[in-house]
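As you go down the protein sequences, you meet chains A and B in turn. For the first sequence, our numbering begins at 1 and goes up steadily by one. For the second sequence, our numbering begins at 1 and goes up steadily by one.
Hints in this document: simulated from the structure, not taken from any laboratory. Mixed in with the good hints, there may be bad ones.
[Stated by the list, open to error] Dumping the calculated DSS-like pairs for lysine-lysine here, alpha-carbon to alpha-carbon at most 27 Å: (1) B:Lys-100 to A:Lys-91; (2) B:Lys-100 to A:Lys-195; (3) A:Lys-234 to A:Lys-195; (4) A:Lys-91 to A:Lys-105; (5) A:Lys-405 to A:Lys-327; (6) A:Lys-91 to A:Lys-195; (7) A:Lys-327 to A:Lys-388; (8) B:Lys-100 to A:Lys-186; (9) A:Lys-186 to A:Lys-234.
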Amino acid sequence: MMIKKCGDFLRASACLVALVSASTIAAAQDDEAGSAAFSLRGFGTAALARSTNGQAEVARDLLQPRGVSNHWSGKIDSNLGVQANYLASEKIEAVVQAVSRYNYKGNFSPELTEALLKFDPNPFLSLRGGRVSTDFFMHGDSRLIGYSQLAVRPNMDFYSSLAVSYLDGGDVQVTVPVGEGLLRGKGYYGFLAEKLPFADGNLNLRGSRASGAYLDYQQGAWQWRGGLARISFKHSMPAPVGSLQSALIESGVSSAQQAASDLELQGTDARYYSLGVVYDRGPLLVQMMLGRLSYESEAIQDQNSGMFLAGYRIGEIKPFVGYSRTKSDASHVASGLPNTGSGAQINAELASVLAESHADQHTYSIGLRWDFRRDMAFKFQADAIRGKSDSIYNFRQETSRWDGKTNVFTLALDFVF
Amino acid sequence: MMRRMLPRLFVLLAVLMPVLAHAESIVVVANPAAGVDTLSRNDVINIFLGSFRQLPSGIAALPIDLPPGHPARAEFYRLLVGKNQAEINTYWARLIFSGKTRPPIQAERVEDALSMVQGSVGAITYLERSKVSGKLKIVFELAQ
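Based on the provided sequences and hints, a complete structural model is requested.
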């Protein structure tokens, strides 16, 4: 299985390298014409991770159908991204980015993560249209760029349920000097284009409307941010939720039909609330974030998360420590069907669906980042995940012996070019 | 207490003097036509780190970095925000690959950076104080 995954990654990487070569030739031709308007860059991570508990697989986020357990695997964190920028004028820029990573299909087929036109008419205003990266949570738009982060990956308790990477639409950013600092407001609107693995099928987010805004104040080494985002789901949950809904409706009992309606995702909203503070000056970096995800549908549990990360650079090595916590609110949906015969079967399926998105765990992390040469960083990280046995949202293939506790060890090489 | 401390302070100063004298301050220079007398540290940070690129005179600022590996470049960012080059590159990786701000233009040689500042009214760069010519205006100084 792992060899197959690596094979996928190598094939996808080869495609991206071919793209790089083609673009480099184009860039060279551009340079000969005396223009530096075109640039080609990239980023990537080669990482190995394993956990200490074979009773469940740890996934990096909701987009991954499988995770890692007690064998070393390069699957969850390795990626490769290529980005072309074209500066049409001082104020207009085009950006296209493709990334190969372990995705909802279970392979590394590259996807288009950015394809945008950016227009900055003046220093106060920036407009982007096309496929743009989303930052529902602070730093949420750089989750794939390992080199840009202190830790090996974005905190899993905090960011893993943030399933959206980009939207097709646009955003407007306004920056105004206020006092000694800068006040920045950003609003975005668009439609999602991704799919999430769910049970044996996919939850299709394609076409779901997304909108949001944040307000950010930056003064000296401090940056504060508060944000809101909303997704209006266009599609229903796939089986087994869909088939459970059908069974509830077919029972003819009104309380069961109400339960089926409570589980409906289509036409409901999810809301994301977030607060973040970052201190970044000299050798010290501190990040603190709080987030809440709230779903109108009872099919997915509401979730509260928080994270803390602090690092201090000594020479070229930056050790760090982190703590995070996530807990979801149990859904209370009852079918009202008697616990006998087909009613018992429906009730069991309902309980299983409601439990699927439950999370109740905290994680202690320790690690280091070593910038051993220009544009390259080596990282080591150990995470101790301590959760209840019913904390399964971030895990895959959990068995009945899963106790909610595991440790994850990761070695990563991050680079940009 | 103070009387006992003073001689020690003088000894410390005497030891440090050659070091202090050797380290040269880095200055930020602009085009004299930009209409800027001085910039604050926050202005310089906002312009070079891309958060707000406007000079106090209202002209759009165009920051220019010295070539990678140039000692004044590392010194500039160390004195400005206490960051080494790897940390500055990390910062830019986040902004570039999320399709946000562009980093400063990178000059291939110091002379190119200086001629860009002379040739463009909003352009600004930095260099060692002793290398400033009369055609450039010093708008900020980062003392050692």
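Going down the list of hints, with the structure as the test:
no.: 1; hint: B:Lys-100 to A:Lys-91; in the structure: 13 Å, holds
no.: 2; hint: B:Lys-100 to A:Lys-195; in the structure: 25 Å, holds
no.: 3; hint: A:Lys-234 to A:Lys-195; in the structure: 12 Å, holds
no.: 4; hint: A:Lys-91 to A:Lys-105; in the structure: 38 Å, violated
no.: 5; hint: A:Lys-405 to A:Lys-327; in the structure: 15 Å, holds
no.: 6; hint: A:Lys-91 to A:Lys-195; in the structure: 34 Å, violated
no.: 7; hint: A:Lys-327 to A:Lys-388; in the structure: 10 Å, holds
no.: 8; hint: B:Lys-100 to A:Lys-186; in the structure: 12 Å, holds
no.: 9; hint: A:Lys-186 to A:Lys-234; in the structure: 24 Å, holds
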